[in-house]
Amino acid sequence: MSESTMPAESFGRTVIGRAPRAAARRRGGVSFAPRWTRALKSVVVVLAAVFFLLPIAYLAMVSFMRPDDILSDRVVPSGLSWQNWSSAFDRFPVVDYLRNSLIVAAAAMVIALLIAIPANYAMARLRAGGKNIMTVIVSAYVAPPIVAIVPLFILVRKVGLMDSLVGLSLVEGLMVVPVAIWLLDDFFRNVPEEIDEAAQIDGCGPIATLVRVVLPLVAPGVVAVGIVSFILVYNDFLIPLMLSYSESTQTLPVGISLMQGGREVMYGQMAAASFTGMIPVYLLALFMQRWLIGGLTQGSVK
Amino acid sequence: MAAAATLLAAGTLAACSGGSGSTTSGSKTLRVLIAAPQEGAGKALQADYEKSTGTKVKITVVPYDQIQTKAILDAQSGANQYDVIQYWYTSVGALAQADALDDLTGWVDKDKDIDKSDFIAPIYNAYTQYKGKTYGLPFDGDTHLLYYNKKILADNGVKPPTTWDEYLADVKKITDANKSKGIYGAVMMGDKSAFNIGSTFFNRLATFSSSPIDSQKPDLTSPAALAAAKSMVDAAPYTAPSPSQIGFDQALALFLSGKIGMMEAWTDLGTFAQDPSQSKIADNWGAVPLPAGAGGKTAAPLDAGWALGVSPSAPDQDAAKDFVKFATSKAENLKLVTTTGSGVDPTRTSTLESDKYKSFTPVVAAALTQILGNAQSWPTSPNAPKMIQSLNDNLAQMLQGSLTPQQALDATEKAWDAL
Amino acid sequence: MTTAAPVPTSADGPRRHRLIGWALIAPALAAVAIIAAYPLVYTVLVSFSKSTLGRPFQSWVGWGQIVTAFTDGGQLASILRSLEFAVPAAVLSVVIGLVIALSLDTATRGGRVVRVIMLLPLMTPPVMAGVIWKLMFAPTGGLFNDLLAGAGLISEPVLFLGASPAAMICLIVVDIWQWTPFCVLLIFAALQSMPREVYEAAQVDGAGVWRTFRSVTFPLVLPSLVTVLMLKVIVSFKVFDLVFVMTSGGPGLDTNVASFNVYRTALQQFDLGAAGAQTIAFIVLVTIVVLPIATWRSRLLKAGSRA
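Protein sequences, first through last, are from chains A, B and C.
When we follow my numbering, the leftmost residue of the first sequence carries the number 30, and every step to the right adds one.
When we follow my numbering, the leftmost residue of the second sequence carries the number -17, and every step to the right adds one.
When we follow my numbering, the leftmost residue of the third sequence carries the number -13, and every step to the right adds one.
In isolation and in its complexed conformation, chain A is listed as follows (with noise of 0.2 Å):
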C-alpha cells in the first residue's frame, strides 16, 4: 500500500523511532550482503555519529573552559571553571528564558491538538471538508513564516496580546496546527471503518466515538505528534523575536540571540545558555526512545 511511504505516517513514527523492531530484525535476517560492505556500512555509521555529536560535544566544553582559552589558539583548555554558567546565569535571566520557553511550547503543543484532533477525525472518519481541504491546510506550513510576520504582530497587537505568554503561545499553536494535523492524519486513517459503525449501533454520536472510542485508539499518534509540535515551538526564534519584548516572556532561543551585539565577546555565557536550553530537549529525545521502545506492541495502531 502506498500509505507506508506517507511521509505523515514515516514522520510520526519515525522521528519518534517506531521503526518497527520486527521489521529490523526480519531485514537483518536477510544477509546477503558481503562482509566489506558490512565493514563500510559500520565506517559510515561510525562516521555519522562522530559527526553529529562533535558539535555538541565541543559546545559542552567551551561552556567549561576559561574565558582566556576561549579566544586562545588552543584546543585543550587549560583548565576547567563553571565561570561560564555563573555569569551566564548570573547576567543574563536564563531561568525566566527557560521557564517561557517551557510554558509556550506546552500551551502551544495543547492548543494544536485541540485544534487538529477534532479537525483529523472529522476529515477521516466524517469525511468532511472535501478532498482539497487538506491541501489548503498542509499549504499554510509550505510558506515561509517570515511572510506572516509582521500580519500577525499587527494582529497581536490590535487584540491587546503583545509581549503575553497567552499572545506567543496562541500564535505558535495556531502555527503549529498545520504540520499537526498532517502528521495525525495517518494514524486516524488507520483506524478500522468497522470500529465507528460498531460506535454508531452502540449509539455513540460523532464526538462520543471520538472522544470514547477513537481517541483511545490514535493516542500514540497524539503523543508522538504532540511531541514533534512542542519541539517545532520550543526550538522556534522567528515569532518570539517578534512577540516578546521582555525578560517576562522572551524564550531562551530570543535570549541567547541577545547575548551577541554587547561590548564583550559572551561565546563562553552563550554556549552555556545553549547548553541549557538544549537539555530538555535531548531529554525528551531520550525519554520518547523509551517510551516508544515500550509502547510498541500497544502502539499498533493496525
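Just to be clear, a hint being listed does not mean it is correct.
Listed below are several chain A residues computed to face chain C (Cβ distance under 8 Å; list not exhaustive) [said to hold, decoys possible]:
{"id": "1", "residue": "Lys70"}
{"id": "2", "residue": "Val73"}
{"id": "3", "residue": "Tyr87"}
{"id": "4", "residue": "Ala145"}
{"id": "5", "residue": "Ala148"}
{"id": "6", "residue": "Ala151"}
{"id": "7", "residue": "Ala157"}
{"id": "8", "residue": "Ala169"}
{"id": "9", "residue": "Pro173"}
{"id": "10", "residue": "Met204"}
{"id": "11", "residue": "Tyr296"}
{"id": "12", "residue": "Leu315"}
Computed cross-link-like contacts, DSSO-like style, restricted to lysine-lysine with a CA-CA straight-line distance of at most 27 Å [what the hints assert, rightly or not]:
{"id": "13", "chain 1": "B", "residue 1": "Lys279", "chain 2": "B", "residue 2": "Lys340"}
{"id": "14", "chain 1": "B", "residue 1": "Lys40", "chain 2": "A", "residue 2": "Lys187"}
{"id": "15", "chain 1": "B", "residue 1": "Lys338", "chain 2": "B", "residue 2": "Lys98"}
{"id": "16", "chain 1": "B", "residue 1": "Lys212", "chain 2": "B", "residue 2": "Lys279"}
{"id": "17", "chain 1": "B", "residue 1": "Lys132", "chain 2": "B", "residue 2": "Lys161"}
{"id": "18", "chain 1": "B", "residue 1": "Lys113", "chain 2": "C", "residue 2": "Lys36"}
{"id": "19", "chain 1": "B", "residue 1": "Lys115", "chain 2": "B", "residue 2": "Lys199"}
{"id": "20", "chain 1": "B", "residue 1": "Lys25", "chain 2": "B", "residue 2": "Lys38"}
{"id": "21", "chain 1": "B", "residue 1": "Lys340", "chain 2": "B", "residue 2": "Lys262"}
{"id": "22", "chain 1": "B", "residue 1": "Lys132", "chain 2": "B", "residue 2": "Lys163"}
{"id": "23", "chain 1": "C", "residue 1": "Lys36", "chain 2": "B", "residue 2": "Lys115"}
{"id": "24", "chain 1": "B", "residue 1": "Lys133", "chain 2": "B", "residue 2": "Lys155"}
{"id": "25", "chain 1": "B", "residue 1": "Lys10", "chain 2": "B", "residue 2": "Lys40"}
{"id": "26", "chain 1": "B", "residue 1": "Lys98", "chain 2": "B", "residue 2": "Lys25"}
{"id": "27", "chain 1": "B", "residue 1": "Lys199", "chain 2": "B", "residue 2": "Lys279"}
{"id": "28", "chain 1": "C", "residue 1": "Lys288", "chain 2": "A", "residue 2": "Lys160"}
{"id": "29", "chain 1": "C", "residue 1": "Lys36", "chain 2": "B", "residue 2": "Lys199"}
{"id": "30", "chain 1": "A", "residue 1": "Lys187", "chain 2": "C", "residue 2": "Lys36"}
{"id": "31", "chain 1": "C", "residue 1": "Lys36", "chain 2": "B", "residue 2": "Lys396"}
Listed next, with one range per pair, are the computed distances between beta-carbon atoms [said to hold, decoys possible]:
{"id": "32", "chain 1": "B", "residue 1": "Pro258", "chain 2": "C", "residue 2": "Val47", "range": "56 to 64 Å"}
{"id": "33", "chain 1": "C", "residue 1": "Val30", "chain 2": "B", "residue 2": "Pro194", "range": "41 to 49 Å"}
{"id": "34", "chain 1": "B", "residue 1": "Asp337", "chain 2": "C", "residue 2": "Ala63", "range": "54 to 62 Å"}
{"id": "35", "chain 1": "C", "residue 1": "Ala63", "chain 2": "A", "residue 2": "Ala86", "range": "31 to 39 Å"}
Source of the hints: derived by calculation from the structure; they are not laboratory data.
Beta carbons: idealized from backbone N, C-alpha and C, even for Gly.
Given chain A's structure and the hints, the job is docking chains B and C onto it.
Just chains B and C now, kept in the frame of chain A:
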C-alpha cells in the same frame, strides 16, 4: 532589595527636594530601553536614579542593532513597554516620523536645569534635532580615536601615524613581521551590522574630506569618499582576520589581549584598556586623533552615539522627562564617563573641561579636545536607516571583494537617490 | 473562503453528521485563515502601497514595488541565494541520509545508540545550532582553525564565515548537520517497510550489492526519497535563524537569503511595502521549486500503487 517602606520614604524625600515639579512616587516604575553596549550605564543610572528619587527603574537591554526596531514596534504596537527610549541618533528622523519619540522642544527650551548650551554643540544638534524640533537629549557622545599598543609599535619602530598613508605602511610593517606570532598591525571593524563597517568608513570619509560632510546626504561622488573607501580596502588584508567578521566586541577583545597594534575605537576604550581585570595592556596603550587623509584633516566622526527620548505612549510624561534630564545631566555624564564599563562618553563641555575627566583618562581627554571642533555627523533624516544600511551593504561587498570601491560608492549613491 | 469547498460526497453520513464535521474542522480552518490567508492578503495589499512599519498604507503605488522585487539586481539576488542554499542543502541531506539509512542496523545495540545520537541535532534549536557552529568556525579560538593551526596546516586562520563561497557552504554544512538525521529517520522507515521477498528474489538471482540497490532498493524507495526531498526543500527555504546568528547575511551579501532580506527590509529599514513585494517574489520562487517536486512525487506514488 530595599523594603517598600524605604522606597516610599525615599520617594517622599525626593518629592520635597526635587523641585522639578515631577510627581514621581515610589510606587511607580519607569521603564527604560537601553542598548547592550550601554548596559553598564543603564545599571548605574538605575541605581543612581532610584537612590535620588525613589522611583523604581526597570531597564530592558536590547542588542544595539535591534533597538530602533524595538522602539518603533513598541510605539506602533501600543505595547507601551517603555517610557524612556535610548536611540541611536541617526534614527532620530525615522523615530520622530514614526511617532516613536515625543517632541520635547518646549520643555528643553524652558527647563533651565537642562542647560542645553552645555551640550557639545555638534553632538546636540545631530543627536536631537529633526525639522527644527528637539526629540531627545544626548546621552553618550561617541566618536573615534586611534588607539595603539605602545609595546607593539615600539618593537617595530613605528610611531602613531598622523596620515592614513603612514597608517597603512605601519600596519603592513607590523603584520608582515609578526603575523606568525598572531600579532597584527591593526584590527578593522568590518562587520556589516549597524555601525561597525560604517564607523570604519566614516572615520576615513571625515578625515579625507576638506569640507564638512553634508549630514543630509554625504557626497559619495567626491574624491574624498573614494579615497576613504580605498584606504579600507588597502589596509584590510593586513588587519586581523577577518574584517568582515569583526564587530567591536571581537575587536575590543583582540586589542585588549595585546595582539593588535592599532585600533580605531570609541573614547571609552581608554577605560577598558586601563582596567587590568579585562586588559592585558594596562599602561601600555596610547590614543591619538584619527589620521588625516591627503587633503583632509583630523576629525571627530560621530560614530554611533546615543540619545535618550521619551515615548509618546509613556503614561507619565513628566516622570519620563525627569529621568531623561537626570540621565543626561552634567553630574551624571561626568560620573558615567568616569566609570569603567559604563560605555558612556562625554556629551557636555563641562565634562570635557572637568579635572575629574582629565585626570581619569588624560590621554583620551587630550586627544578628544583636539578634534571635537571638527565633529562630523552621519545622516539623520527619516531615510537614514535605509541609507546607512545600503552603504554598509555595499561597503561589506567591497571588503569581501565583489565590488570595487568605486562600484560600492556608485551603488550606494544610486540607492540613496532612489529614496 | 471555506464554504465554497465541495460538500462531502459520502451519502452515508446524515446531515447532522456533516454539520458536526464542519464544526469540528472549523477551528482548524480558522487557524489557517489567521496564520496563512490573512497574512497573504495583507502582504499583497501592502506590496501595492507605500507602507512603513510606523505608517502602513500611506498611499497606493501600483505595481512599482512588485516589479522592483522581480527585476532589481539586489533583491533578485537574495531570492536566488535562497535557491543556492536550499537546493544543495536539501539534495545533500537526502543523499547523505540515504547512505546512513542504508548503513544503519537498529538490530544491533550500536545502531540503536547511533539512532539516539542522531536525534540530538534534530532536537537542537537552530539558534543554538548556529551558536555552536559559529564557535567552531571562528577565526580566533574556533575549533577548526585551532586544529588546522595545531597540525601545522595553516599559518593564518581560514575565514570560514568571512569569505566567499565558504560562508554559504558553512551554512549548508550546518543545515545538513541539523536535518540529515530527519532524512535518515524517514528513509530508514521507508527501507524497513520494503517487502523482504524482493530481496530474497534478488539474492536468488545472485545480484551483487550494487545491482540490488540500483534495480531493487532504489526504485522502491524512490517515492519516499522524493517525499523527503520535498519536505527538506520546504524546510530549507525557511532558513532564518542560522543566518541571523552566524553571518547576518555576510560577508557582503553572500548569505543574505530571501527570508533574511525580507526581515531586514521590514524590520531594519521599516519598509513594509518593499518587504511585501519581496515576500511575494519569494513565494513565487518557493512555488516554482516545490511544485515540480510535488508533481513528481504524486506521479511516483500513483505509479507505485498501480504496480
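Cross-check of the supplied hints:
| no. | hint | verdict |
| --- | --- | --- |
| 1 | Lys70 | holds (4 Å) |
| 2 | Val73 | holds (4 Å) |
| 3 | Tyr87 | holds (6 Å) |
| 4 | Ala145 | holds (6 Å) |
| 5 | Ala148 | holds (4 Å) |
| 6 | Ala151 | holds (4 Å) |
| 7 | Ala157 | holds (3 Å) |
| 8 | Ala169 | holds (4 Å) |
| 9 | Pro173 | holds (5 Å) |
| 10 | Met204 | holds (5 Å) |
| 11 | Tyr296 | holds (6 Å) |
| 12 | Leu315 | holds (7 Å) |
| 13 | B:Lys279 <-> B:Lys340 | holds (24 Å) |
| 14 | B:Lys40 <-> A:Lys187 | holds (25 Å) |
| 15 | B:Lys338 <-> B:Lys98 | holds (21 Å) |
| 16 | B:Lys212 <-> B:Lys279 | holds (17 Å) |
| 17 | B:Lys132 <-> B:Lys161 | holds (17 Å) |
| 18 | B:Lys113 <-> C:Lys36 | holds (22 Å) |
| 19 | B:Lys115 <-> B:Lys199 | holds (20 Å) |
| 20 | B:Lys25 <-> B:Lys38 | holds (12 Å) |
| 21 | B:Lys340 <-> B:Lys262 | holds (23 Å) |
| 22 | B:Lys132 <-> B:Lys163 | holds (17 Å) |
| 23 | C:Lys36 <-> B:Lys115 | holds (26 Å) |
| 24 | B:Lys133 <-> B:Lys155 | holds (15 Å) |
| 25 | B:Lys10 <-> B:Lys40 | holds (10 Å) |
| 26 | B:Lys98 <-> B:Lys25 | holds (25 Å) |
| 27 | B:Lys199 <-> B:Lys279 | holds (20 Å) |
| 28 | C:Lys288 <-> A:Lys160 | holds (16 Å) |
| 29 | C:Lys36 <-> B:Lys199 | holds (22 Å) |
| 30 | A:Lys187 <-> C:Lys36 | holds (21 Å) |
| 31 | C:Lys36 <-> B:Lys396 | holds (20 Å) |
| 32 | B:Pro258 <-> C:Val47: 56 to 64 Å | holds (59 Å) |
| 33 | C:Val30 <-> B:Pro194: 41 to 49 Å | holds (45 Å) |
| 34 | B:Asp337 <-> C:Ala63: 54 to 62 Å | holds (56 Å) |
| 35 | C:Ala63 <-> A:Ala86: 31 to 39 Å | holds (37 Å) |
Consistency note: the structure conflicts with none of the earlier hints.
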